[in-house]
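Chemist: The whole structure should be built from the sequences, with the hints applied where relevant.
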Amino acid sequence: MKKTMLFLAVFLLTITFSVSGQKAAIDKAAPDFTLTDSKGETHSLSDFKGKYVVLEWINYDCPFVEKHYDAGNMQKLQETYTGKDIVWLSICSSVDGKQGNFTPEEINKRSEAHGAKFTAYLMDTDGKVGKMYAAKTTPHMYVVNPEGTLVYAGAIDDKASTDKADIKDAKNYVAAALDAAMAGKEIKEKVTKPYGCSVKY
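Take 1 as the starting number for the sequence shown in this note's numbering and just add one per residue.
In case anyone wonders, no lab produced these hints; they're calculated from the structure.
All residues carry an ideal CB built from backbone N, CA and C; glycine is no exception.
Check the hints yourself; a few may be wrong.
Here are the simulated lysine to any residue pairs, SDA-like style, with alpha carbons at most 20 Å apart [claimed, not checked]:
1) Lys193 <-> Ile167
2) Lys128 <-> Pro104
3) Lys117 <-> Ala24
4) Lys98 <-> Met123
5) Lys168 <-> Gly97
6) Lys131 <-> Lys39
7) Lys131 <-> Gly97
8) Lys49 <-> Thr119
9) Lys76 <-> Thr162
Pair ranges (Cβ atoms, derived) [stated by the list, open to error]:
10) Ala29 <-> Glu105: 31 to 37 Å
11) Ser161 <-> Glu112: 34 to 40 Å
12) Ala176 <-> Ala71: 28 to 34 Å
13) Asp126 <-> Lys168: 33 to 39 Å
14) Lys164 <-> Thr36: 30 to 36 Å
15) Lys185 <-> Glu41: 31 to 37 Å
16) Gly72 <-> Tyr201: 24 to 30 Å
17) Glu189 <-> Thr103: 24 to 30 Å
18) Lys131 <-> Lys168: 20 to 26 Å
19) Ala25 <-> Lys185: 28 to 34 Å
20) Asp126 <-> Ala170: 29 to 35 Å
21) Tyr201 <-> Asp85: 31 to 37 Å
Modeler: Here's what the structure looks like:
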């Protein structure tokens with residue numbers, strides 16, 4: 001009986017380590033996670049199996065994030081694709097005391113002021129999910145397909161600046177990835193170099 005219990009304990013520890021040690025990789029299963037949103041609801045990536053999911057790393061005080069929100073670009077993308085039954089999860093991995101870490105009340109106030117159209121704003125206060133996905137910047141964008149596979153990771157577009165005027169002529173990698181995938185076509189650029197402020201782990 002003792003041997004059985006010891007084996008079970010080791011087995012469970014191994015499973016826990018494997019899950020917590022998962023790392024995101026393109027064309028591999030996107031690591032599952034569970035986070036609480038700014039309204040107190042919990043969401044797991046696995047809840048949305050069967051749908052496309054966009055993960056957007058966010059920090060409202062980052063000038064690069066401000067560029068896309070102040071111009072309405074991020075909200076337009078959110079509205080366009082959530083309108084196509086795509087789930088959009090904005091994730092903040094800023095730890096307590098660092099830029100971008102806000103109370104839920106402040107998050108909701110800013111999100112409403114921006115007219116944000118994401119599905120949920122998730123708070124990754126210990127940075128575990130951000131590190132699991134190797135999120136480096138805000139914004140840093142990811143696309144997960146209905147099978148749960150990570151099919152895009154990188155920048156929002158090809159204009160690495162804080163100038164809102166650059167948005168008009170930018171190639172939007174997220175839109176390109178979603179449009180290609182939904183049309184059953186190959187995504188031409190699955191990995192690009194993200195730009196923005198560093199994630200405040």
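Chemist: Against this structure, judge whether each hint is valid.
Modeler: Hint-by-hint comparison with the structure:
Pair hint lysine 193 plus isoleucine 167 holds up; C-alpha atoms about 17 Å apart against a cutoff of 20 Å. About 19 Å separates the Cα atoms of lysine 128 and proline 104, which keeps this hinted pair within 20 Å; it holds. Taken as a hint, the lysine 117 and alanine 24 pair is broken in the structure, with Cα atoms around 25 Å apart against an allowance of 20 Å. A C-alpha spacing of about 13 Å is found between lysine 98 and methionine 123, which places the hinted pair at or below 20 Å, so the restraint holds.
Proposed proximity of lysine 168 and glycine 97 is contradicted: the alpha carbons are some 35 Å apart, above 20 Å. Note on lysine 131 and lysine 39: the hinted pairing is violated, with a Cα-Cα distance of about 23 Å set against a maximum of 20 Å. Between lysine 131 and glycine 97 the alpha-carbon distance is near 18 Å, which keeps this suggested pair within the 20 Å criterion. The hinted pair formed by lysine 49 and threonine 119 meets the criterion: a straight-line CA distance of about 15 Å does not exceed 20 Å.
A C-alpha spacing of about 18 Å is found between lysine 76 and threonine 162, which places the hinted pair at or below 20 Å, so the restraint holds. The supplied range of 31 to 37 Å is met by alanine 29 and glutamate 105, whose beta-carbon atoms lie about 35 Å from each other. Distance hint for serine 161 and glutamate 112: a CB-CB separation of about 27 Å, inconsistent with the stated range 34 to 40 Å. For alanine 176 and alanine 71, the hinted distance range of 28 to 34 Å is not satisfied, since their beta carbons lie about 19 Å from each other.
Aspartate 126 and lysine 168 have their C-beta atoms about 38 Å apart, which keeps the hinted 33 to 39 Å range intact. Our hint of 30 to 36 Å for lysine 164 and threonine 36 holds, since their Cβ atoms are close to 32 Å apart. Lysine 185 and glutamate 41 have their C-beta atoms about 34 Å apart, which keeps the hinted 31 to 37 Å range intact. Between glycine 72 and tyrosine 201 the Cβ separation comes to about 29 Å, which falls inside the hinted range of 24 to 30 Å.
Under the hint 24 to 30 Å, the C-beta atoms of glutamate 189 and threonine 103, about 37 Å apart, miss the expected range. As the Cβ distance of lysine 131 to lysine 168 is approximately 34 Å, the hint placing it in 20 to 26 Å is violated. Restraint check, alanine 25 to lysine 185: a C-beta distance of roughly 22 Å breaks the suggested window 28 to 34 Å. For aspartate 126 and alanine 170, the hinted distance range of 29 to 35 Å is satisfied, since their beta carbons lie about 33 Å from each other.
For the hinted restraint 31 to 37 Å between tyrosine 201 and aspartate 85, the CB-CB distance of approximately 33 Å keeps it satisfied.
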